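Visitor: Make the full structure from the sequences, and use the hints.
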Amino acid sequence: MGGCATKENKENKPADEADGKAAAMVDAATMEKLEAGFSKLQASDSKSLLKKYLTKEVFDALKNKKTSFGSTLLDCIQC
Numbered sequence: 001m002g003g004c005a006t007k008e009n010k011e012n013k014p015a016d017e018a019d020g021k022a023a024a025m026v027d028a029a030t031m032e033k034l035e036a037g038f039s040k041l042q043a044s045d046s047k048s049l050l051k052k053y054l055t056k057e058v059f060d061a062l063k064n065k066k067t068s069f070g071s072t073l074l075d076c077i078q079c
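The sequence shown begins at 1 in the working numbering and counts up one residue at a time.
Treat the hints with care, since some could be wrong.
[Said to hold, decoys possible] Using 20 Å as the maximum straight-line C-alpha spacing, the simulated SDA-like pairs for lysine to any residue come out as follows:
1) K63 <-> L74
2) K56 <-> S68
3) K66 <-> A43
4) K40 <-> A24
5) K65 <-> F38
6) K65 <-> E35
7) K56 <-> F69
8) K40 <-> V58
9) K63 <-> A43
10) K63 <-> L41
11) K65 <-> A24
12) K63 <-> L50
13) K47 <-> E57
14) K66 <-> F38
15) K56 <-> E35
16) K52 <-> K63
17) K65 <-> T55
18) K40 <-> Y53
19) K63 <-> C76
20) K51 <-> K63
21) K52 <-> C76
22) K66 <-> A29
The set of hints was computed from the structure by calculation and includes no laboratory data.
Small disclaimer: the values here were computed from a predicted structure and weren't measured.
Guide: This is how it looks when you write it as structure tokens:
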């Protein structure tokens, strides 16, 4: 039922999995699409909230991460 885990379950998992973070990195093709898309967004004359809040610092912090379900930043912004 949800994300509840006993202390025993957390102790048996690697550190990244114990706190719910995925350890996987994004593949090269996804990274290329992310970099190209970010450059295109920043070069555009868009007034979108995505452009406003997805700064270079935020992008750099999130571009290599995956969720526990395997979703990347690219999956999130394509919706």
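Visitor: Would you mind marking each hint as holding or not holding in the structure?
Guide: Hint check results:
For a cut-off of 20 Å, the pair hint linking K63 to L74 stands: about 8 Å separates their Cα positions. At roughly 24 Å between alpha-carbon atoms, K56 and S68 are farther apart than 20 Å, so this suggested pair is violated. Proximity of K66 to A43 is assessed by CA-CA distance (about 26 Å); at most 20 Å being required, the pair is judged violated. For the proposed pair K40 and A24, the alpha carbon gap of about 26 Å is over 20 Å, so the pair is violated.
This hinted pair checks out: K65 and F38 have alpha carbons roughly 16 Å apart, not beyond 20 Å. For the hint linking K65 to E35, the alpha-carbon distance of about 14 Å falls within 20 Å, and the restraint holds. For the hint linking K56 to F69, the alpha-carbon distance of about 25 Å lies beyond 20 Å, and the restraint is violated. Between the alpha carbons of K40 and V58 the distance comes to roughly 16 Å, so the proposed pair stays at or under 20 Å and holds.
Straight-line distance between C-alpha atoms of K63 and A43 comes to about 18 Å, which keeps the hinted pair within the 20 Å bound. With a C-alpha separation of about 15 Å, the suggested pairing of K63 with L41 holds against the 20 Å cut-off. The straight-line distance between the Cα atoms of K65 and A24 is roughly 7 Å, inside the 20 Å bound, and the hint therefore holds. The straight-line distance between the Cα atoms of K63 and L50 is roughly 15 Å, inside the 20 Å bound, and the hint therefore holds.
Between K47 and E57, the direct Cα distance comes to roughly 19 Å. Compliance with the 20 Å bound is thereby established for this hinted pair. Note on K66 and F38: the hinted pairing holds, with a Cα-Cα distance of about 17 Å set against a maximum of 20 Å. The suggested pairing of K56 with E35 holds, with an alpha-carbon distance near 11 Å, which does not exceed 20 Å. Taken as a hint, the K52 and K63 pair is honoured in the structure, with Cα atoms around 17 Å apart against an allowance of 20 Å.
Among the hinted pairs, K65 with T55 is consistent with the structure: their alpha-carbon atoms are about 16 Å apart, no more than 20 Å. Between K40 and Y53 the alpha-carbon distance is near 15 Å, which keeps this suggested pair within the 20 Å criterion. With a C-alpha separation of about 11 Å, the suggested pairing of K63 with C76 holds against the 20 Å cut-off. For the hint pairing K51 with K63, the CA-to-CA distance comes to about 15 Å; that is within 20 Å, so the pair holds.
Between K52 and C76 the alpha-carbon distance is near 16 Å, which keeps this suggested pair within the 20 Å criterion. Taking the CA atoms of K66 and A29, the gap is about 14 Å. The hint holds against a cut of 20 Å.
The structure fails to meet hints 2, 3, 4 and 7 from the earlier list, while all remaining hints are met.
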